[in-house]
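Enquirer: Chain residues, written in single-letter form:
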Amino acid sequence: GQQVMQIPQYQHVQEGEDFTTYCNSSTTLSNIQWYKQRPGGHPVFLIQLVKSGEVKKQKRLTFQFGEAKKNSSLHITATQTTDVGTYFCADAGGGADGLTFGKGTHLIIQP
Amino acid sequence: GAVVSQHPSWVICKSGTSVKIECRSLDFQATTMFWYRQFPKQSLMLMATSNEGSKATYEQGVEKDKFLINHASLTLSTLTVTSAHPEDSSFYICSASPGQRNSPLHFGNGTRLTVT
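Line order of the protein sequences matches chains S and H.
For the record, in the first sequence the residue sitting at position 105 is 105 according to the working numbering, with numbers rising by one throughout.
The working numbering runs 1000 ahead of the 1-based position in the second sequence.
For reference, chain S alone in the conformation it holds in the complex (with noise of 0.2 Å):
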């Protein structure tokens, strides 16, 4: 897999605030997925964008992915207690590899 860079490493909200985190690539992505991990937990499975320019919602969150496919990018709506967790985005690589994670965004929300 190609290396992605995901940013911030950290954000502090307050509840009901929005959160973004991104994700970048210097060369064409596949297809990214994005995965949540709760502390102490393992990484689920949220989404995956296939088409450039994608956009796909889940309730508060929304999912794009760059017209270049080089870029992908995560929004919480009005964020709550149950978004804590980190958000990692993941490049598949296009082949039998396993994935190929950011560092991920820790999202701390302050009540």
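If you are wondering where the hints come from, they were derived from the structure by calculation, not from laboratory data.
Glycine is no exception: its CB is placed at the ideal position from the N, C-alpha and C atoms.
Please note: incorrect hints may appear among the correct ones.
What the hints assert, rightly or not - Which chain S residues stay away from chain H? Per the calculated CB distances, all over 12 Å, these:
| id | residue |
| --- | --- |
| 1 | H12 |
| 2 | D18 |
| 3 | N24 |
| 4 | S26 |
| 5 | K59 |
| 6 | L61 |
| 7 | Q64 |
| 8 | G66 |
| 9 | S73 |
| 10 | A78 |
| 11 | T81 |
| 12 | Q110 |
To be verified - Lysine-lysine pairs mimicking PhoX-like chemistry, simulated, CA-CA at most 20 Å apart:
| id | chain 1 | residue 1 | chain 2 | residue 2 |
| --- | --- | --- | --- | --- |
| 13 | S | K103 | S | K69 |
| 14 | H | K1041 | S | K36 |
| 15 | S | K103 | H | K1041 |
| 16 | S | K36 | S | K59 |
| 17 | H | K1055 | H | K1020 |
| 18 | S | K56 | S | K70 |
Start from chain S and add chain H according to the hints.
Expert: Here is chain H on its own, set in the frame of chain S:
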């Protein structure tokens, strides 16, 4: 569906001993499973790709003689940490997918290994 079970959840062992971690796909067959390692507050690093009926493919920098992988059946892969040392203490997670290549992965609950 698509449940991956990993055992044990945690293990404490003495330096020099070996530890075996099991990863099972409970409701699907997995010709390929992936083993990841995660240090606290860090990302998941792919260690190796476990292939049913053949040798595992290790990532650069991962010692294959230290991290033995066996994928004897379509539902079971094992990772054995041999001659464990304190620096091997980490969170080990396996994953698999019931779908085709590049399909989303389902992760086991992970194994927290502490070597004293």
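Enquirer: Hints first: check each against the structure and report whether it holds.
Expert: So, going through the hints one by one against the coordinates:
no.: 1; hint: H12; verdict: 15 Å, holds
no.: 2; hint: D18; verdict: 23 Å, holds
no.: 3; hint: N24; verdict: 15 Å, holds
no.: 4; hint: S26; verdict: 18 Å, holds
no.: 5; hint: K59; verdict: 18 Å, holds
no.: 6; hint: L61; verdict: 16 Å, holds
no.: 7; hint: Q64; verdict: 18 Å, holds
no.: 8; hint: G66; verdict: 18 Å, holds
no.: 9; hint: S73; verdict: 18 Å, holds
no.: 10; hint: A78; verdict: 26 Å, holds
no.: 11; hint: T81; verdict: 20 Å, holds
no.: 12; hint: Q110; verdict: 18 Å, holds
no.: 13; hint: S:K103 / S:K69; verdict: 19 Å, holds
no.: 14; hint: H:K1041 / S:K36; verdict: 13 Å, holds
no.: 15; hint: S:K103 / H:K1041; verdict: 9 Å, holds
no.: 16; hint: S:K36 / S:K59; verdict: 15 Å, holds
no.: 17; hint: H:K1055 / H:K1020; verdict: 17 Å, holds
no.: 18; hint: S:K56 / S:K70; verdict: 17 Å, holds
Taken one by one, the earlier hints all hold for this structure without exception.
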